[in-house]
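Protein chains: 2
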Amino acid sequence: MKPIFNLSLYLVLDPDLCGGEQGMVATALAALAAVAGGVTIVQLRAPKWKKRQWVSAAFALKAALDPLNIPLIINDHIDVALLVDAAGVHVGQQDIAPEMARQLIGPNKILGLSTSNAGQMAAVPLDIVDYIGVGPVFATGTKLDASPVIGLEEFALLMQIKSLPAVAIGGIGLGRVAALRAAGADGVAVVSAICGQANPQQAAQALRLEGEISDV
Amino acid sequence: MKPIFNLSLYLVLDPDLCGGEQGMVATALAALAAVAGGVTIVQLRAPKWKKRQWVSAAFALKAALDPLNIPLIINDHIDVALLVDAAGVHVGQQDIAPEMARQLIGPNKILGLSTSNAGQMAAVPLDIVDYIGVGPVFATGTKLDASPVIGLEEFALLMQIKSLPAVAIGGIGLGRVAALRAAGADGVAVVSAICGQANPQQAAQALRLEGEISDV
Chain A
1 MKPIFNLSLY LVLDPDLCGG EQGMVATALA ALAAVAGGVT IVQLRAPKWK KRQWVSAAFA
61 LKAALDPLNI PLIINDHIDV ALLVDAAGVH VGQQDIAPEM ARQLIGPNKI LGLSTSNAGQ
121 MAAVPLDIVD YIGVGPVFAT GTKLDASPVI GLEEFALLMQ IKSLPAVAIG GIGLGRVAAL
181 RAAGADGVAV VSAICGQANP QQAAQALRLE GEISDV
Chain B
1 MKPIFNLSLY LVLDPDLCGG EQGMVATALA ALAAVAGGVT IVQLRAPKWK KRQWVSAAFA
61 LKAALDPLNI PLIINDHIDV ALLVDAAGVH VGQQDIAPEM ARQLIGPNKI LGLSTSNAGQ
121 MAAVPLDIVD YIGVGPVFAT GTKLDASPVI GLEEFALLMQ IKSLPAVAIG GIGLGRVAAL
181 RAAGADGVAV VSAICGQANP QQAAQALRLE GEISDV
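Sequence order for the protein chains is A and B.
The first sequence runs 1 to 216 under full-length UniProt numbering.
The second sequence runs 1 to 216 under full-length UniProt numbering.
Don't read these hints as lab results, they were simulated from the structure.
Just so we're clear, the structure is a prediction, and the values are computed from it rather than from any experiment.
Mixed in with the good hints there might be a few duds.
Across the chosen pairs, the derived CB separations fall in these ranges [as the list claims (entries may be wrong)]:
hint : chain 1 : residue 1 : chain 2 : residue 2 : range
1    : A       : Ala33     : B       : Gly151    : 50 to 60 Å
2    : B       : Ala156    : A       : Asp85     : 41 to 51 Å
3    : A       : Ala118    : B       : Ala33     : 44 to 54 Å
Where a beta carbon is used, it is the ideal one built from N, C-alpha and C, also for glycine.
Please work from the sequences and hints to get the whole structure.
Encoded structure:
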């Protein structure tokens, strides 16, 4: 059965920002422990890493997240996801195509796809993909090969044509969550707004609270 | 059933040196067409590529190689190998560990592992790995993260302790093949000695001939 997932606060763990494997596990656990609700889903993304390190970190994260029922999503590397039995996989437009990714992971894993414009959103195979990432909404320093910035106004238009749950990504931090949720995002994905923050628990709680307010 | 493989002349295709996907297919086909025997096994290695491009090139190479019964080996990305049903996978010391790679590919695929010293060779799980790459024997410009150069003398010592078929790699070109085979290598792996050569067919034939002489 496919795991239930909640995109509200989607933490993308970057080892450079999070202090490597140990830092990522610690950050994820802290960001989950927020009293008023923390991150709801976690992705591992380490574009500079070799795969032996990916596997090690993915096993460590899975061991930390499974007891809390928080899905672990593996970016790009489906072989790593299969090995550690992750909850799902996230692919970009230049990664393995969604149809092929689904073929590899089977029906019971979550599959996310990055999109950055209306054309890419219209091309998403709705019976294959479970959620889309939409971005970068704002300028970001944490993904060097990102597409052109969308902006909040265009993002709101994209949310009106979406056919799948959508998480906003790119330059998102405190003060930007409410507007994105109001524009129609089902959640926000953050990297540096939690990774590398002095208090990841507090950071997660504040982001989550800002999102919840807009849900009312 | 696991495909039979012959390491005699192992062509590693690099898109930068081979003119991208089309150039790689053309090079492989030319290098196979040598009258006196050409390359015997082909690996795709494209560390700079995103995976959608890997998949496209791997399908194209497989279509070209299958009719000739030449095994296609995919470097590092086991997800790509599974998708295109490649003959095998090659992993390095920092890639997915051989035991885990075997778990993903099952018993009927070829599994190769890079080694560069006696300690790494002694640690190879013999019931899991099918062949080892040993190198870099000589200095190479085509693999930027290569280990320290072994040299021919040390390579000959390593060949005396090997327990699996071994292919020499690293800086190998015409004039170096006979000595490596005489030292005990079951074959030689080349990149630039065929990729980017004006006449890949002739280059492959000359390399193969030099290897065969040492077999007598």
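A quick look at each hint next to the structure:
| no. | hint | result |
| --- | --- | --- |
| 1 | A:Ala33 to B:Gly151: 50 to 60 Å | 54 Å, holds |
| 2 | B:Ala156 to A:Asp85: 41 to 51 Å | 44 Å, holds |
| 3 | A:Ala118 to B:Ala33: 44 to 54 Å | 47 Å, holds |
Violated hints: none; the structure is consistent with every hint.
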